[in-house]
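Each chain, written out:
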Amino acid sequence: MITAPTIEYFALAPLLIIFGAAIIGVLVEAFAPRYLRRAVHVPLTLLSLVGAFALVILQTVRGVPTTPAAMGSVAVDGPTLFIWGTILVLSFVSVLLINDEEQFVPSAAAVPGSAEEEKAITEGAAHTEVYPLALFAIGGMLLFPASNDLLIMFVALEVMSLPLYLLCGLARRRRLLSQEASVKYFLLGAFSSAFFLYGTALLYGFAGTVDLLGIRERLAVGGGGTETLLLVGTAMLGVGLLFKIGAAPFQAWKPDVYQGAPTPITALMASGTLVAAFGAVLRVFWVALGNDSWNWEPIMWGVAALTMVAGSILAITQTDIKRMLAYSSIAHAGFLLVGVMAVGERGQNALALSGLLFYLVTYGITTVGAFAIVTLVRDPGGEAWHLSRWAGLGKRSPKLAGLFAFFLLAFAGIPLTSGFFGKYAVFRSAVALGEAWLTGLVVLAVVASAAAAFFYVRVIVLMFFSDPSADGPTVVTPSWATSTVVGFSAFATVALGVFPQPVLDLAEKAAKSLFVQ
Amino acid sequence: MEPAEILSHTGGGAISLAWLMIVLPLAGAAILLIGGRATNKWGHLLGVLMSVGAFVVAALVFLQLIGLDPAQRRQSVNLYEFIPGVANIGLLIDPLSISFCLLITFVGSLIHIYSIGYMSHDPDRRRFFAYLNLFVAAMLLLVLADNYVALFIGWEGVGLASYLLIGFWQYKPSAAVAAKKAFVVNRVGDFGLLIAMFIIFAQFGTLQYAEVFPAASQASQGVLTAIGLLLLLGACGKSAQLPLQSWLLDAMEGPTPVSALIHAATMVTAGVYLVVRSGAAFFPEGSTAGLVVTIVGVATLLAGAIIGTAKDDIKKGLAGSTMSQIGYMMLAAGIGPAGYAFAIAHLITHGFFKADLFLGAGSVMHAMNDEVDMRRYGGLRKLLPITFVTFFIGYLAIIGFPLLSGYFTKDGIIESVMHHNAILGWLAVLGAGITGFYMTRMVVMTFFGPKRWDEKAHPHESPAVMTWPLIILSIFSVGLGAYLILSNRLLVFLGPAVGQPAELPGFHPFSVPGLTTLALVAVGAGIAIAKYGRSEVPVVQPRGSFLTVFARRDLYGDALNEALFMRPGQWLTRLAVFFDNRGIDGVVNGLAAGVGGSSGRLRKIQTGYVRSYALSIFVGAAVLAGAWFVVGTL
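These protein sequence lines are chains A and B, in that order. This note's numbering numbers the first residue of the first sequence as 20 and each following residue consecutively. This note's numbering numbers the first residue of the second sequence as 12 and each following residue consecutively.
With the rest of the complex left out, here is chain B (with noise of 0.2 Å):
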């Protein structure tokens, strides 16, 4: 079934209200940005009632929604006129934008709701929350555009929001370091996106979804091929996939609810987003493009899960596992229909469970003096009981337990990559074991076995603020899975978004890949257990083994990085700057003074003098009617 047609939407309820979703949480950026200290006292409230806020519209609108007929539950809403046919803002709302609505604004007020107990200390809260509402916004307006130009503003607000957060602690220099790579790394993805927009606009004449996607078919096939290629640039960019993945590591160092907020409910998925979105046109079954973007997906998902492997900083495991999920998301959104609903129900449980561990990961960093080394925690099962059993819901679901919510999701992409490709389908079955192993391992680091924290350390069960959170999200990454999957929910409801394939697929729970992932999963997870459960863990952490290091480097992806692009570029800006000063300057500065020069030269005829004023007039006029009769005479 294709997508349906998009209706420009026409009457009232809360579709018309739509807009409310974006101006909320972006009203409490700006009253506390410039309210100032004056609202520190309240500051976090008026945060987290934002961010509730635009949940509540998201579901009101996601209610009108259903309530439609599936062929009207594509509707456009215009906002704004910038520049008539050039750029606006408005609003797509459909099923597609309204799932990605529902999983920012709930998980995000529930990050928000985090927020307030994990920085009850530090002096900068407001700004804090003002980032995270600013966070919000550019991520709700990104989802919502119903044209590439306001996508675009969207895309680049969460590219500041995170560099905003990943810095908050601008103070530690690694901070500032990781924001400003972050930051780096997204405009190499964002310039891929805007060359993209370029060619669209120059072969469509226009950046609005509902003319370009059913115009996209009478483009030639190159065009096709590279607007696809760049918008997948741009989509590695913000979801951190090969080759583009290097700031998401690094991004750690933000706050972590930033962390969780990042890598659950928002940026990384804008990736996602953006080919599932353009997919119809720009990725279609069986292209080029789409063929790369499962590439780029495997790709990614093996790499993050071995990094995860070998990382001892809970933090960083969690960061490996995330690049390795969103990869299995991209992998699924390259082969077309038949995945996108897989895809994005990954996405949705994926935002569950991960937030769920990234606070987990919180919670634990709170009982532990900020302490992220895995070594050095051991035994925490008992002292942290909510943290533990949350924290260990959230492992279940993003191993694939049966029943469990990244089961379902997990094996659904699984199975629709396997039809389409088999080599692909068993890469991302390998990946679900070395999946096992690695969260397996961090499990055991941080709760059993003996304890191996410093004396100094009081490990103490979170405040309820932050405990609540985790139990709604942990009930989450329960029971979502399946009842996303089952019976086809999602997939039916999203159908007139992205398209459906034109038969559905059922549930197959004993299928060989399904039964091979179950059993490498285990297989993972008992090494893990064997080699971390049984074993005394060392406190510092040993040489390891040629492997061991490669992962823990990340895959001197950073080495390759400034192999290939840092030196040569610091060379070619150095060499610039050589012929800079030596040649182009020259001519520059030449021109600059030619300008300055004949400003100069030119502002002596201001005499002052009025005679020489009036004979300027005189010449000029002369001139004039001279002219005027040569060319009336010509």
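The following block holds chain A by itself, in its conformation from the complex (with noise of 0.2 Å):
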């Protein structure tokens, strides 16, 4: 006989809330009139998104469940919920920006710049099918670090990548570099997939389950000599996830997509996409193999060593503005590599937990700012990119490039910017644990911030001390969203620069109530 299983609904009522607003988003492009389609699918993702950010709250302040949901395969605890509510206060202001249709391409069949192209234009087609797209991915997104099952995990990886595989083809402007970052995307994404699988496969072959806390206790009891499973199977699941947040060597993905996706999209994947690889990292690393970490945290730490070291060189030549804030990532993703290490066996050292979440929120927040910005100074071929049409901005929109800068600086961790606290909660913890190798690390950590300071501080130079070019980029009025989107993140920014004490609570709350063990 088979039992039904037990789903707890109220635990997983924000996921359910997205993907539900997903289907309905989908039924809305086979039924709704075309004229209708976007008036009915902006409130709709936008409510879900706030309705689900009320249930996260909702859910912290009722009290952190202290068991896993869905027999045993979703975690809802407080990193998680934290986690939650990050996502989708940063998916809120990437919608906010794909609402912007200049953005996206009328008809993404057409070939570009053919005829038939040129009718969607005169048409006024348009991709609805953005919307729905953009709730599945932020659903696989809620997932991905809720996941305690590694197959869980897998499923919801993919429903997480997917849509954002076809997202990032649909650019308005350049598009064969679109669709380029596209399929680049899918290719090299199915590629790390398989590995994850691969890891996943030999994991079971070890531990005899795909359960994070099954595989933890198969950890405990040790010996049995299938170390090797073990082994490969952790280096293949760390490939699949090392890839998703871009650290080295598995980078080379993310400054060919961020630069081709339409630039809202880069900020969902930049922002939101990030925030959930490091969860399931942290859940991966952490609930399932903590009992291992004097296996993998030596490579690890040559994974971070390695991925700020190279996001920080690589960055220093770029030309194109996208691409240089694809290797900031790839060296911001260094850095919260090491407030991974610093979290430790069962989440003990909540300082290093609620660090690497407050790195998060701040990182996040920051990026999706810089990218609207990216998205408002404009050539007639589409955004500027280049840097050297960069120069001078600030002369002619001092507004504009005043904020780009502040939102330079504090990617460069300069105090009384969000980033600085970031870097100081993450690096603290880190050298708070007294030992030489981590310190090391973070002493590391610190020459590459300092190296990565010189292209941020470089381009705010090029901005303010160059003189602008007669036939300089346009900057185009904000619309009301993207005004709003910009005008939040250097308003958390500033706030969590000035006053970060009440987020950092509220990770340290989170963080405390650790992982479900």
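Just a few of them, taken from the derived set where beta-carbon distance is under 8 Å, the chain B residues facing chain A:
no.: 1; residue: E92
no.: 2; residue: Y624
no.: 3; residue: S627
no.: 4; residue: F640
Restraint-style ranges between C-beta atoms, simulated for each label pair:
no.: 5; chain 1: B; residue 1: A213; chain 2: A; residue 2: F510; range: 33 to 43 Å
no.: 6; chain 1: A; residue 1: S407; chain 2: B; residue 2: R48; range: 33 to 43 Å
no.: 7; chain 1: B; residue 1: G47; chain 2: A; residue 2: A489; range: 20 to 30 Å
no.: 8; chain 1: B; residue 1: A38; chain 2: A; residue 2: L435; range: 14 to 24 Å
no.: 9; chain 1: A; residue 1: R81; chain 2: B; residue 2: R48; range: 55 to 65 Å
no.: 10; chain 1: B; residue 1: H519; chain 2: A; residue 2: A451; range: 51 to 61 Å
Simulated from the structure, these hints should not be mistaken for laboratory data. Just so it is clear, CB atoms sit at the ideal spot from N, CA and C, and this is done for glycine as well.
Two chains, two separate frames, one set of hints: put the complex together.
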């Protein structure tokens, strides 16, 4: 006899709302007349995000569950709820950017520059599918860090990634670049998923279960001659996860995809996906493989070091603003990995975990703000990506350039910006452990931050101390949605840089009610 | 008596609103600078209003403070925690800080009001008021901070505001140079303060007064002396003490109200504040650091006085006297709790009579088309009656004429130093005699004798908005000293903040040093009258004796700086540039080229071909698995 699984509907409600709204979105695509779709999608998407966020808050207030939901496959605990909240906020602002129709192709099937495309533009066609696609991706992002089971995690990974592959190819301008990005992301993503799945299989061979807690228990017992399965399985699983966060040597896709994708989608990927992937990394390595940390920590150390150095050095020669931000994202992933290592067995180090969570919030918000500004500086052929086009922008639109400079300073981690406290919280907790190998990594991270500061400041110098060219890019008047995003990001970057305590406290509270064991 | 414990403030009242003192002028500065030309019409009024508002808050806080039990009078109010335990902004409300606040805001407000008239023809008056407000806000943060970090922010803020104000007429090259000089010289001092802070943090793990001061006695003597001397270096920069005095005389390039603000109520008092505030911890009675403070103080008070004797520029003469008077305060601050109250008392009375004198000088210049050479004054007594009377009262106060402010406070310093160290005491007496000479010379040359000014000048009394501040300041210059010193009012009031000697000093008007001082002052004044009152003052500066030239050239301070620091410094930079180009640059450029080059080379990995990306992932995975294997089987 098969018993139906018990589902904790309340604990899973945020997920269910997002997926439910996504499915309704698909129905809207199927049944609503074309002219109505957008009018339905935008409120539906935004409301579902708000509703899910409200439920996350409600759950946090009502008390965090102490057992995994859905027969032990989804862990809704403190860190999950905090990450959910973060992803939902970041998604909300990203969707506000996606709301800008200008960014998306009217008819993706039409050959770039063909008569069909011309026709689609004049007809005012639009791919309103971007809303349900984004919602599916967001739902995947929510499930990914909450999965307590490698198979569920794999499903979440795919649910998150597949819509993003599609969305990457929908840029209205520079179609070929966008399509190339989409295909590249898809191929490499599929490749890395294979690694993930292979790792899952090997770990199943080792532990006889794909349940994270089951693997943990098997590790606690130890012995058994299946070490090889464990080691190779961990490595393969690690490749799949490190690919998603863009750690070196799996970072190659990031600049190409970030550049080619429509900028609002880049914002969503650079913020939401990164947060989700770090949540999953934390869960896999500390919940399932925490007992094996002396085996994987040295390798993680090397990956973190390589990632931050590669990100910082490669960013220096970038001449494209989106690629530069992509490399900056790689460097930040390296800094975040330092925090991952400091979290420690069973996440005992709540200080480090809260620091990491805080870093994710600050980095995500600043990133969305920076990409939002990128959408505003335009050439006749689309956004002005080449850095030389940004020369002298400070003289022509001081407010915009000032805000962008401010976001760059936040990336560099200058005091009185949120970036400073993100770095400070993570590095301090790593140093506080008093272990030389981790302290050494922090020293390297600080040096890499200094190198990274160079290319951020170079852009600021370019904007404010160069003369604008005569045929410089135009700065479009931002729509209300874009202004809201920029305003919110700037406000949060200041507020978290000056009064970080409330959010730090929240992160610490979340970190204390740690992973469901 | 030891200083009282610093309590953290609970409950409301004016103390919990003390932050308004800083925020009001800061907001004023922000509004005026951001508002730009739109605020030109009412900018000066807003500036005055903010400064007066800060004074009102200070007065309310003061009233609440004196209502408390003396043991409760040190309260810290934490405003903002930047990095918990390392950097925060908190205010320490205690008798010492509130005395400074009252002085700064009251005299500062009068200077603001005076500036309405003085700067009325300047097209940039609004900007001037913005800087004045910034100056006041920074100074208030400096004295109100409850830790060294916040103090340092205020300290740098004062440096910035003084730079902006001294160079306010930046189109004059001399003003721009003077501003730069003030900034650079102050940087030297700031460096000392900064290193002192580093040592304090390394030693005590905190920069909070409440934690550093009680713990200080546990540190080794060498560390305490090092901290003390470095703090003194900082104090010397801000307070224009030897050897960092050179900026002060040049700082006269700023508009006269700025000179009054810098010299009377704010900037130069910061060093004295720092020494007194840190006194119990780092300059205890009989310590080496304390001894060095007294020596610096005495040397500066004599140097300043000697410089003052030879200056023909009325403002530079007054600047010399500021150096000298601050020297007195430093001297008193160096001897420990017996001197703190007198140092602060002199600081307060000096704040009033020096503001009075500077604003009076400004009023004279206003009347004389900005002429500053006293040789071209003379006989202005009748034409500028109010300016004359108020200036004369300030003059009597500064030379220590019996029963006026300076008499009580300077005499207090001399008496207490005399108990501590007779040699220093007699040198201070000598300084008082020289003060009598150069101040009398100034008054005689300006207000008495025949007129020596151009036919074109038409001296006239200043408008009421300028004379009323003078009148108010001169009233305080008369009575404040007696009020503070008699029955040890200030000493008892400051007790909880800085400690007080076991035995309260009495007031001995007929002691030997006191009478000698009076006699020397009389002699000094007499010589000045004989030399400048009885005989004709040449309009063109005579060559003067060797000594006069020595004093005129600021005791060759600039020449010394130039020979000792600037020239070798320039040589050093040239040498450094040489080596930099030949040696280091090679390395650095090589390094930069290395980074850029490796960036460029690494970039080539980014081919754009998805197959090579996949290959890199595959190789990465293989390396990772291999590494895992190696680590796992170790």
